[in-house]
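Chemist: Residue numbers (the numbering used here), protein chains in the order written: chain Y, 1 to 180; chain G, 1 to 668.
There's no promise every hint is true.
Unchecked claim - Here chain Y is said to cover these stretches of chain G; the calculated rule only asks that three of the stretch's residues, wherever they fall, bring their Cβ under 8 angstroms from a Cβ of chain Y:
#1 245-256
#2 447-461
Unchecked claim - Sample of chain Y residues at the chain G side, in silico, Cβ under 7 angstroms:
#3 Lys55
#4 Leu58
#5 Ile98
#6 Thr100
#7 Ser112
#8 Ile115
#9 Asp140
#10 Ser143
#11 Gln175
Since the hints were made in silico from the structure, they are not lab data.
It should be emphasised that the depicted structure is a prediction, and the values quoted were computed from it without experimental measurement.
Don't be surprised by glycine CBs; every beta carbon is placed ideally from N, CA and C.
Listed here are the chains, written in short residue letters.
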Amino acid sequence: MVKKSRKKRISRPLLIIAAVVLLVLSTSIWYGYRIIQSRDSVGGETVTNPPGTEKIDLSPPTLEDKKAVDQHKEELGNQKPEPSDSDNTGEKKQITPIITSASKTEVRAYVSGIIEEGGTCTATATQGSQTISATGSGFDNVSYTQCAPISINLGSGTWSIVVSYSSPAAEGKSQAKVVD
Amino acid sequence: MIKLRLRSFLFVIVLGLVITLFIPISANALSGSEFQAGRIMDDGVFFNSGSMNVQQIQEFLNAKVPSCDTNGQISIYDSTYGDTVTRKIYSERRGISTPFTCLKDLRQDTVAKSAETNLCNGYSVANQSAAEIIYGVSQSCGVSSKVLVVLLQKEQSLVTDDWPWPIQYRSATGYGCPDTAPCDAQYYGFFNQVYSAARQFKRYARDSNLFNFRANTTSYVQYSPNASCGGSNIYIQNQATAGLYNYTPYQPNSAALNNLYGTGDGCSAYGNRNFWRLYNDWFGATKGVDYSWQYAGISFSTGSSHVIGNTQVTVTVTAKNTGNQAWSSTNFPVRLATFAPTNHSSALYNSSWVSDTRLATVGQSVVLPGENGTFTFTINVPNREGPYTERFNLVAEGAKWMPDPDFSINLTITKSTYKWQMVSQSSSQGFALSPGSGSQFTLVAKNMGNTTWSNSINPVRLATFIPTNRNSAFYHSSWVSSNRPAVLQEPSVGPGQNGTFVFNVTAPSTPGFYVERFNLVSEGLSWFEDPWFEFDINVGNFYTWRMDSQTSSTGTFTLARNSTSTFTLTATNTGNVTWNNSSNPVRLATWAPSYRTSIFNPNDASWVSQFRAATLTQASVSPGSNGTFVFTVKAPSAPGFYVERFNLVMEGVSWLQDPWMEFDITVN
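Generate the whole structure from the sequences, applying the supplied hints.
Modeler: Given below as structure tokens:
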């Protein structure tokens with residue numbers, strides 16, 4: 001009983017000292033941080049380097065950084081193996097090519113959802129009953145299939161262009177793009 | 001209980017610390033509105049292989065994973081199984097075993113790569129840390145280490161992951177294996193991923209025509225792989241941005257940008273957004289400092305660029321901030337400066353400028369991108385005839401010169417003419433002055449030139465001339481200086497108007513005829529064209545007079561023999577010496593010849609003497625005033641017509657100059 005109360009008496013001042021030390025510490029760290037941050041800000045009075053100067057941020061990962069890690073893990077962890085194209089389902093993967101630019105002389109497109117070499121990209125231009133086609137080969141580009149630029153020669157007037165992709169593993173058609 | 005209290009207290013302190021640490025970070029957070037879809041990153045930033053050295057990369061990786069959970073001991077909620085387990089168990093459930101190797105601790109054998117023109121310079125086999133690999137690839141391929149670090153985070157969160165799985169290293173940069181063919185060994189592993197990615201960014205540049213997105217072209221970029229989400233046409237401004245879109249062909253939609261640190265909507269793609277955000281947060285601006293401007297207007301206090309030489313004109317130049325940096329008047333202040341050649345000395349220099357090469361600092365404290373800034377300054381127009389052109393540019397002082405928008409100030413100068421003509425000259429005491437006497441001279445001059453005369457700015461003054469700035473014998477202490485008798489009286493005298501110069505003179509002590517040449521000068525600017533102007537001054541004592549009137553008390557100059565009459569002569573003192581009637585009195589004396597005996601002398605002692613008919617009546621007659629002489633005559637006994645000549649004499653000094661004065665008297 002006596003022992004206990006003695007302990008209590010010693011601990012209280014210790015507790016107060018610890019609190020004061022921690023408060024001073026946290027305040028000084030906070031101020032230090034503010035100074036560092038304001039130095040990096042552009043247009044403030046405390047700018048010491050020309051604006052746009054690069055930096056290396058050595059602060060610990062932020063909550064967002066940690067959240068990004070967790071989210072990514074969850075995506076990876078819950079990933080179900082996609083049905084492989086080599087599965088013998090006999091069905092081709094349906095993909096949608098995307099036209100990034102089209103003119104009367106050239107069409108550019110890519111195919112997302114598949115990474116492969118050797119497929120064929122075909123641009124088909126339609127004007128009334130007239131149809132003109134041209135092709136380019138597909139090749140892999142990091143995370144998708146790139147169509148080589150497709151050269152085409154369209155006459156005057158408005159044309160509607162569609163790019164289709166075809167390979168043993170996948171096929172699909174893009175949305176139409178109008179060229180004046 | 002005490003332990004509990006202490007623990008909870010410490011918890012509060014630590015929580016407080018964490019909160020305070022995060023306050024400044026969120027205060028400086030990036031805004032999605034700063035994302036420029038056509039210019040995600042500048043080439044100079046992207047392809048800067050010197051952005052970090054190995055040690056800096058290692059320090060950075062260490063900082064982002066303060067402690068690696070190598071054995072997976074931290075708990076995690078497993079949503080698939082609905083329980084909380086250690087990361088070790090969570091991973092084992094998915095076929096992944098510990099230990100985990102964090103990026104900062106990763107070591108790997110690199111793979112030999114041969115050099116390829118305009119791609120990478122190859123690689124040698126070595127056992128290297130992740131930091132060494134990142135640095136080595138950056139050096140070999142000429143892509144910034146910072147870009148590669150951000151790419152690792154953007155694709156697999158590897159930089160901040162404290163329990164990474166092997167699968168994350170396998171596609172560390174998102175470089176995928178083909179779906180329909182066995183994965184090429186060149187894509188396997190961390191080193192291959194980093195090298196392939198850097199090489200691919202170089203390939204987008206070297207073989208740009210093969211790919212969708214190219215610098216300086218407009219392409220359609222979707223918001224997500226789902227075509228129905230749409231997209232927009234983007235003018236891609238540089239190779240770095242083209243490369244980023246070729247690598248990840250989606251742009252963030254507004255939902256993704258509005259919630260920059262979180263998720264957008266079902267049509268949001270985050271790759272390029274996160275790349276841009278992470279780079280900004282970790283390494284600063286993705287764009288080099290872009291200070292640039294466009295001419296937006298100029299105005300002159302004269303109303304137009306047609307100006308007159310040797311005048312001062314206030315000019316305001318308006319410039320649009322077309323860069324990505326706010327202009328400041330204090331931090332790296334933006335100034336209008338002489339240019340082409342830079343910092344040349346300008347013929348327009350005015351002492352009000354910031355310096356001899358800096359015309360003015362931007363007039364606003366801050367000019368944001370897209371806004372207009374103004375520069376107001378005074379120029380001294382050089383006095384030359386015809387067109388005048390001078391090049392200027394803006395500089396952010398201490399930071400950089402802005403790209404030259406080919407700006408110049410163009411003036412059409414009419415040369416100033418400084419001409420005048422005398423309208424009148426006068427002297428309060430006439431131009432015959434006694435030695436040492438004073439007078440006030442007045443010159444009225446007509447402005448025959450094309451500039452307005454002023455008596456304050458470059459004041460127009462009367463100056464001694466021939467030789468220029470000679471000292472004048474007529475100097476008076478009231479003069480502006482020994483060679484500037486007077487300044488223009490009127491504040492301003494326009495072309496065709498008259499100006500007045502009034503000044504006091506003191507005649508020199510040496511008698512003589514003085515020709516005093518003067519001319520006008522606009523101080524600090526120019527002497528006037530010499531119209532040949534002079535004051536001609538006679539200095540000396542001049543004793544002259546003329547008759548004003550002569551009268552006879554009988555009312556007539558026809559006198560009866562031996563009769564008497566009183567004659568009065570009124571004489572004007574036309575000389576410059578005052579007459580008096582006491583010391584050296586002025587008297588009327590017989591004349592032609594002098595000391596002639598007059599037969600009209602009454603010989604009754606009324607005359608002063610035989611040859612002096614009368615003394616001046618007045619005590620004093622100053623120059624220009626009249627004096628009278630009164631004397632009695634007695635007609636002779638012999639009738640006839642008499643011509644009696646008289647003159648004035650200042651006794652003991654001088655005869656006065658003979659004006660030919662006579663009394664014509666008929667005696668009958």
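Chemist: Any CB of chain G closer than 7 angstroms to the CB of serine 143 of chain Y?
Modeler: holds (5 angstroms)
Chemist: Mind checking the CB of leucine 58 of chain Y against every CB in chain G and telling me if the closest is under 7 angstroms?
Modeler: For leucine 58 of chain Y, the interface hint holds, since the closest Cβ of chain G sits about 4 angstroms away, which is under 7 angstroms.
Chemist: Under the criterion of a CB-CB separation shorter than 7 angstroms, is serine 112 of chain Y in contact with chain G as hinted?
Modeler: Result: holds, 5 angstroms to nearest chain G Cβ.
Chemist: With a C-beta cutoff of 8 angstroms, work out whether three or more residues of the region 447-461 of chain G approach chain Y closely enough for the coverage to hold.
Modeler: Violated: only 0 residues of the region 447-461 of chain G have a Cβ under 8 angstroms from chain Y.
Chemist: With a cut-off of 7 angstroms, does the beta carbon of lysine 55 of chain Y approach a beta carbon of chain G closely enough for the hint to hold?
Modeler: Lysine 55 of chain Y check passes; min Cβ-Cβ to chain G is 4 angstroms, inside 7 angstroms.
Chemist: Go through the hint on isoleucine 115 of chain Y and say holds or violated, using the shortest Cβ distance to chain G against 7 angstroms.
Modeler: holds (5 angstroms)
Chemist: Would the hint on aspartate 140 of chain Y stand, with a C-beta cut-off of 7 angstroms toward chain G?
Modeler: holds (5 angstroms)
Chemist: Is the coverage entry for the region 245-256 of chain G by chain Y consistent with the three-residue Cβ rule at 8 angstroms?
Modeler: Since 4 is at least three, the answer is holds.
Chemist: Hint check: is the beta carbon of isoleucine 98 of chain Y less than 7 angstroms from a beta carbon of chain G?
Modeler: Holds: closest Cβ of chain G sits about 6 angstroms from isoleucine 98 of chain Y, inside 7 angstroms.
Chemist: Please check whether threonine 100 of chain Y passes as an interface residue: C-beta within 7 angstroms of a C-beta belonging to chain G.
Modeler: holds (4 angstroms)
Chemist: Go through the hint on glutamine 175 of chain Y and say holds or violated, using the shortest Cβ distance to chain G against 7 angstroms.
Modeler: holds (6 angstroms)
Going through the hint list in order, the structure does not satisfy hint 2, though it satisfies all others.
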